[in-house]
Amino acid sequence: MENPQNSQELAYQFQYIKEQKDMYMQNLEIVNASYTNLIKTKNTIKNLKDIKDGEEILVPVGGMISIKALIKEPQKILLSISNDVMVESNINNSIEYIDKLIDQHKNQMSFLQEQIKKIEANLLGISQKFQQDFSQQR
1106 MENPQNSQEL
1116 AYQFQYIKEQ
1126 KDMYMQNLEI
1136 VNASYTNLIK
1146 TKNTIKNLKD
1156 IKDGEEILVP
1166 VGGMISIKAL
1176 IKEPQKILLS
1186 ISNDVMVESN
1196 INNSIEYIDK
1206 LIDQHKNQMS
1216 FLQEQIKKIE
1226 ANLLGISQKF
1236 QQDFSQQR
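Going by the working numbering, the sequence shown opens with residue 1106, and the numbers climb by one from there.
Hints are computed from structural coordinates only; laboratory data are not their basis.
Since this is a predicted model, take the numbers as computed values, not measurements.
Keep in mind that a hint or two might mislead.
30 Å max Cα-Cα, derived DSS-like pairs, lysine-lysine [to be verified]:
id, residue 1, residue 2
1, K1205, K1147
2, K1222, K1211
3, K1154, K1173
4, K1145, K1181
5, K1181, K1223
6, K1234, K1126
7, K1126, K1211
8, K1223, K1234
9, K1222, K1181
10, K1173, K1147
All chains, full assembly: derive it from the sequences and hints.
Dropping the structure here:
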C-alpha cells in the first residue's frame, strides 16, 4: 500500500511542475506576440521600398485609430534598438536587423516549446504514478 505522505509529495511536485509549465506557456505567448510584431514590422519596411518622398500613408497611432501622414525620406528608417536609443538606417540594413531578431525569436520559441514538451512528459509520468498508486490502494 502506498504511503499517503508520498502521495502528497507527488501532488506537490505535480503542482510545482504544472506552475513551471504555465510560466513557460506565458513566456511562449509573449515571445510569439513579439515575433508576430516583428514579421509585421519587416513587411512594413519592405513596403517602404515602393513609397516615394511626399506620398501620403495611414499611420496607426493606437487601437483602431490611424492618421494620414506625408512621408519624408522613406529610405531612411529610425530603428529603436533600446528604450531610449534610435539609430538611423536604410531599408536593407533595417530588414537585416529585423531578420536577426526574428531568428532569435524563432530559437527562443523552439527552446520554450522543447521545455514545455519535457515538462508535459514529466507531468504525464507523475499522473501515471498517481494512477498506479491509487490502483494499488484499492
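Hints and how they fare:
no. : hint           : verdict
1   : K1205 to K1147 : 11 Å, holds
2   : K1222 to K1211 : 16 Å, holds
3   : K1154 to K1173 : 19 Å, holds
4   : K1145 to K1181 : 18 Å, holds
5   : K1181 to K1223 : 45 Å, violated
6   : K1234 to K1126 : 19 Å, holds
7   : K1126 to K1211 : 19 Å, holds
8   : K1223 to K1234 : 17 Å, holds
9   : K1222 to K1181 : 43 Å, violated
10  : K1173 to K1147 : 21 Å, holds
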